[in-house]
Amino acid sequence: MKLLTVVLRPEQLPAVKQALFDVEIRHMTAVPVLGTASATEQSMYRGVRHEISLFKRLRLELALNDHKVETAMEAIAKGANETGGFGKIFVTELVDTMTIFSGERGERTLK
Amino acid sequence: MKLLTVVLRPEQLPAVKQALFDVEIRHMTAVPVLGTASATEQSMYRGVRHEISLFKRLRLELALNDHKVETAMEAIAKGANETGGFGKIFVTELVDTMTIFSGERGERTLK
Amino acid sequence: MKLLTVVLRPEQLPAVKQALFDVEIRHMTAVPVLGTASATEQSMYRGVRHEISLFKRLRLELALNDHKVETAMEAIAKGANETGGFGKIFVTELVDTMTIFSGERGERTLK
Amino acid sequence: MSLVAQVGAETAAEAPVFDGLSTMWVLLAAILVFFMQAGFSMVEAGLIRTKNAANVLMKNLIDFSLAALAFYAIGYAIMYGTGNSIVGTTGWFLSGLDPSVDGLPIEAFWLFQAVFAGTTATIVSGAVAERMKFGAYLMYSFMITALVYPVAGHWVWGGGWLSEMGFHDFAGSTVVHAVGGAAALVGAWMVGPRIGRFNKDGSSNVINGHSMPLVAVGTFILWFGWYGFNAGSTLGFGEPDVVARVAMNTTLAPAMGVILALVVSWMKYGKTDLTLALNGALAGLVGITAPCAAVNSGGAIVIGAVSGILVVLGIGWLNKIRVDDPVGAIPVHGLCGIWGTLAVGLFGYEAFGANSDGLLVGGSASALGVQAIGTFSIVAFTIAAMWVVFKIIKSVVGLRVSEECEIKGIDTEEHGLEAYGGFQIFDAE
Amino acid sequence: MSLVAQVGAETAAEAPVFDGLSTMWVLLAAILVFFMQAGFSMVEAGLIRTKNAANVLMKNLIDFSLAALAFYAIGYAIMYGTGNSIVGTTGWFLSGLDPSVDGLPIEAFWLFQAVFAGTTATIVSGAVAERMKFGAYLMYSFMITALVYPVAGHWVWGGGWLSEMGFHDFAGSTVVHAVGGAAALVGAWMVGPRIGRFNKDGSSNVINGHSMPLVAVGTFILWFGWYGFNAGSTLGFGEPDVVARVAMNTTLAPAMGVILALVVSWMKYGKTDLTLALNGALAGLVGITAPCAAVNSGGAIVIGAVSGILVVLGIGWLNKIRVDDPVGAIPVHGLCGIWGTLAVGLFGYEAFGANSDGLLVGGSASALGVQAIGTFSIVAFTIAAMWVVFKIIKSVVGLRVSEECEIKGIDTEEHGLEAYGGFQIFDAE
Amino acid sequence: MSLVAQVGAETAAEAPVFDGLSTMWVLLAAILVFFMQAGFSMVEAGLIRTKNAANVLMKNLIDFSLAALAFYAIGYAIMYGTGNSIVGTTGWFLSGLDPSVDGLPIEAFWLFQAVFAGTTATIVSGAVAERMKFGAYLMYSFMITALVYPVAGHWVWGGGWLSEMGFHDFAGSTVVHAVGGAAALVGAWMVGPRIGRFNKDGSSNVINGHSMPLVAVGTFILWFGWYGFNAGSTLGFGEPDVVARVAMNTTLAPAMGVILALVVSWMKYGKTDLTLALNGALAGLVGITAPCAAVNSGGAIVIGAVSGILVVLGIGWLNKIRVDDPVGAIPVHGLCGIWGTLAVGLFGYEAFGANSDGLLVGGSASALGVQAIGTFSIVAFTIAAMWVVFKIIKSVVGLRVSEECEIKGIDTEEHGLEAYGGFQIFDAE
Ligand SMILES: Nc1ncnc2c1ncn2[C@@H]1O[C@H](COP(=O)(O)OP(=O)(O)O)[C@@H](O)[C@H]1O
Ligand SMILES: Nc1ncnc2c1ncn2[C@@H]1O[C@H](COP(=O)(O)OP(=O)(O)O)[C@@H](O)[C@H]1O
Ligand SMILES: Nc1ncnc2c1ncn2[C@@H]1O[C@H](COP(=O)(O)OP(=O)(O)O)[C@@H](O)[C@H]1O
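Chains as they are written, first to last, in the numbering used here: chain A, 1 to 111; chain B, 1001 to 1111; chain C, 2001 to 2111; chain D, 3001 to 3429; chain E, 4001 to 4429; chain F, 5001 to 5429.
Honestly, the hints are just simulated from the structure, not real lab data.
Note that CB positions come from ideal geometry on N, CA and C, so glycine has one too.
Each hint should be verified, as a subset may be incorrect.
Within a straight-line C-alpha distance of at most 16 Å, the following computed EDC-like cross-link-like pairs (lysine to aspartate or glutamate) qualify [stated by the list, open to error]:
(1) A:Lys111 / A:Asp22
(2) C:Lys2002 / B:Glu1093
(3) F:Lys5271 / E:Glu4413
Every beta carbon over 12 Å from chain A, so not counted as near; a handful from chain C, in silico [to be verified]:
(4) Val2023
(5) Ser2038
(6) Glu2041
(7) Arg2049
(8) Phe2055
(9) Asp2066
(10) Glu2070
(11) Asn2081
Based on the sequences and whatever the hints tell you, model everything.
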């Protein structure tokens, strides 16, 4: 099992979500975050110049069984590329999972 | 060492936190997130129908030494089951940790 | 490749970010979270006493190639120690990464 | 369109001579009192959680709208119609009435009274916030503005039995605020506390208000509108010095209420709680409402001080008896409304319009006795009437939202939106 | 400093006798109407996304400021100057004018008219929110307050051809609201919908407003200010009963607008949408603006009810024709403005100042005919004039922000700040 | 209850004849000025960080409450009591005074003056926000409203030496705003900048305001209330045209202030900063406060324009001298207060009540000289007096919160709550 952490621009969410739903991946956790970009930006507030280095981004987290990982990454890429192509995916190994209600553990908790 | 990522409904937090405190697990990081559910919901805003697929959830993160993992999962399940039984736990392997102040690394940073 | 999860106090962000930039680590994802502390605090709202166990913290996430991990941890510690020395770092193994735009995978996505 | 023809009786009226200055004053005062709706909605929204904030705004909007219509169709007739010493019975839909009320056009007099009815109704929304069904609240609003408030009003201001006794409630500490506060008590008690508000061992949990700026701006708006509420209750501008005295007292009493609420919360709890200090301002305003014309500035200061103390103690007392009042409506309007009415019997001057000099300014206890009879009969009547009203509503549609709705929040369940939609998460979603 | 000398003509004027009571009333009414700017800015900010909220606040601030200056320099002369039945041509910079207008100091009369011009301008900002360039909006504001609104105003209130015909628009359902609504329609149509608002198949997406407390407080502020708008349009206090009738109608119509908007949205959509109920209040206010003096309370209730229905249906209709109006300015001000003007011909009484009794209260269709001619000519003129204005602006500076700017939000791009800076993330950053 | 008896002297007074129209005007103006408290609290809360927003709301609530009581007990006597040309010495607790002040009931006159004292006090809260101790602020509030402001006021409006010289400050550009601005300067300088506001190399960092909607609604409320502030300073309604001129000028000057602040910030910084444009409105209002009656509309426009420029430059200048003023109180009230006072000597007309025609409208420099003496003596006095006051407070309780408290936020530390409690995280927690 793998845990995918995806960082996107917020405006990409609808397309990426749709692309994931299209390949039957329906479970994820989303949170608004701040991310860096290749360059910082200059701004000005009440006459004071300042540099902005953190921008609004969206972080998605998906727990997947191994055979679904490539499908998911392709779907994310497809949705993200429709809307600018920004974003990164980070993959870590999941050693265990649990569905609290049933107490089930492992692969069958991820459908 | 393991890192537990727990996704709950917000109203479950007090009971889960209490259950963890009861087994002497006192450190965690919480953040409000949006999560999917088994079904989407219909809503209506100013006469426009729309589908809601992301709902308010709460994400907890706990770094634990291996021998505490089962205790923690049981405590979380206990607290969560008192309040509806919703929620998922995802477990990843922690390869290192550091307490910044002391510079300590590894298992003894997690008490 | 490793994924560093850092939990700091919010006021430490500027110094930590600067220290990371100084060692040419320019990419990260930040999110405001709530974290526990060694002790809870008593507070009072409209005459009702209550205990606060979650405090405002900042969570940083950095994906790094292995040879950068120690540099990063040192930089974080340096920045954090300038501003109180609070904070924790948690390290997990990254098994894969992807830059969506180029489709690149693995170590070269992390610069 | 028969409605138009039917209720349009005022069309045919011949214009008598009106007092321009007094009419302007009463209209402006009514407009200020109208604006208190904004104040109530901000205070109440700010003191509850985000997930029910839109619901409480909706309730404030609706209760005023219903109050205006119900008080036009029914309430005014009961309150000011000719009748007996219990209720009035003429003037339904304002028809068949004299176009002038003491030099004021009937429409101006009606408007001033209608916004008072709206105020009474809206006091309750905060006390039952976060759990009462919207439909139940609609029914409640109609009942209080069409029936309950007008009856109490008739007794005191409409020529009823209390006015005959010499009961003095200049701007409504009892008629408006204690009625609203008593209705809030019945409502909050019958609908029960919010989930998680009290523990089994009797102790209380904190449920934080979500926005102090809203509470603060709402309180300032209320104070602002209260100048219309009290100083407009002169119902004219024939005696400029009386109006000015009322306005001055309406400044000193809440100022003192703030200071005392601050000091008491500081001493009792070790923190200077902003929400209690803001409640202290409202407490002082409610306290001075009945005696605003009858007391001098020294009296106003003492009345405000006691109000500020009462409100902090009252909030603690509600926790003890396990009544959940998220905004403090019961202590602010109920307790201080009673206190303010009694205070006329303590500090009022006959020369200032009180029935006789107050007990603490050289008079006898007789005025205090009348004040006590008046305020307690009206509170008792309100409790009884509202108990019946809420019981009926409960059996017809139910008072309380489902547990699931309460946990999710009423905003999404009943109104299909969030108070801060797309705010915590992104706009683009 | 030649400007000062040049425009300072009023300096030399000799003071005639002024009507104190009337002047006070008109000034107070003007101040209340000024405050409606706060209402508009809160409603509009609340109904859009955070990323453009500062921009819409800026537009509201600027359009009033430009309106005051443009209406001082140019607009007043066109609207109230001596001239022909189409435009006035004297009184640029208010110079050379009689110091008194029917017993009011010219400055008081000007102020009341200037805040009306500001209201007209600001109606549009909500409809084009989240995508119109700030520079383009500046130009638009100047044009509408210097030229378009004053011409329409001249026709009706400045002695122009419609006033000669007996067209009755007491406080501006057409002159202010339908003009603003028509300009909003042209603007919203020409600038196009927000990205993501409509799908290729013609269906609509939801873009949530970000703060219901702002929408609610804004609506209450507007209602509060509207008492000045309508009751101040008596331009004096000579007939207290007329003012009082206006104030009463200005209460009943929006109350009924709320109830009907609520009921219709409940029946049509199964939810009681707070934003529609709030729009219902504004709809009732716009609807009663023209007929506020000419109808009785029954008429006001019916007018408010129809307005409440119209606004909900109108919002649905805009979605069908794919015009994106984030705040509902077009149905509220445009549709209900037209309806209110026509309603004078249905429910107005000659005894109350209408030209002749309305069709549904025993009169003929003649008044209705005049009302229809008036409102449709002004709407047609406004659409034509604003079409030219926006076309010119489009070709000179462009109407719409870049796609990147729209996605990121106009606040950071044009104003260098966020509406909630350092809020979602931490303050210390 | 001896307090009641003691201070209740007004009880016994016989009622003389009052001017109804004037009394109504002054009371309404006072009520509008009261409402400016809401404006100040919203502007200040919006321009600082969330973690101190409740604290600044508390300060605004308390400073008004203390002002009302202190000005009642002590301040009024110093300002308007009979005495010498430096201070008044009669009328403590308003006792022993003539019940009428030029046809106004003393209570009305007092109220209008008391809300001015409150305004002066509250100007400082923004400048010292996010770091001054609550207890220290309480002491400061009392001192300025009981002593410092009344002395300055006595000099100009209470028959003191400046009024004898012919110094003209119609509504208080100097007496209220420059005093408040000077006190703000001393306070902000002595308490020092917020942690992280300035770097060691002298450059500045941005600390974002957290809510633009609050800043905008606050500014609109202030502008709204300012009509009472300026036009009410006629202290009557005997000359309707003067009142109307004041109201018109109070519209044109801030409108121009907005435009110029916008243009200057656009040219200087490349962005149209909303907070600077809003500050521009306030700058124009402060600028026109002294000359509002004495200048014509052309003068008002020029005064507003200069104010708009001054405020943007002043904010830049404060950054250079490393004084941290989160809300711009010092440039808005201090700089523009001085400018507005001097402007009477440039654009004032003798026919409009100025001492002699201004330098730029055909007069001599003599009026300008008197204006300069007046404003500089009062600013100098205020700086000296406030320096002493803040020094004493510093040595008694300390001015500044601990570093830990400043980092965590004053709201939780001193008031036990958060401005947005349970908002960023969940309600259920
Ligand atoms: N090495 C990294 N560690 C952590 N987060 C990263 C890393 N690289 C990128 N990110 C996150 O992913 C987001 C998207 O990355 P990228 O596509 O390069 O930026 P952008 O969206 O600005 O084009 C960044 O904003 C950042 O939050
Ligand atoms: N495969 C997954 N990947 C990422 N997050 C998931 C996954 N499955 C569930 N979650 C998260 O866990 C939350 C709880 O899951 P579950 O208990 O199934 O939903 P619910 O709380 O609606 O009953 C979801 O809302 C979602 O945020
Ligand atoms: N075992 C853990 N699991 C998850 N999060 C932790 C753990 N230990 C500490 N943290 C997080 O790291 C933050 C910083 O830890 P620490 O430095 O010990 O606290 P503080 O910042 O209060 O001094 C905590 O607030 C908490 O959010």
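Cross-check of the supplied hints:
no.	hint	result
1	A:Lys111 / A:Asp22	14 Å, holds
2	C:Lys2002 / B:Glu1093	11 Å, holds
3	F:Lys5271 / E:Glu4413	8 Å, holds
4	Val2023	14 Å, holds
5	Ser2038	26 Å, holds
6	Glu2041	26 Å, holds
7	Arg2049	32 Å, holds
8	Phe2055	19 Å, holds
9	Asp2066	14 Å, holds
10	Glu2070	20 Å, holds
11	Asn2081	21 Å, holds
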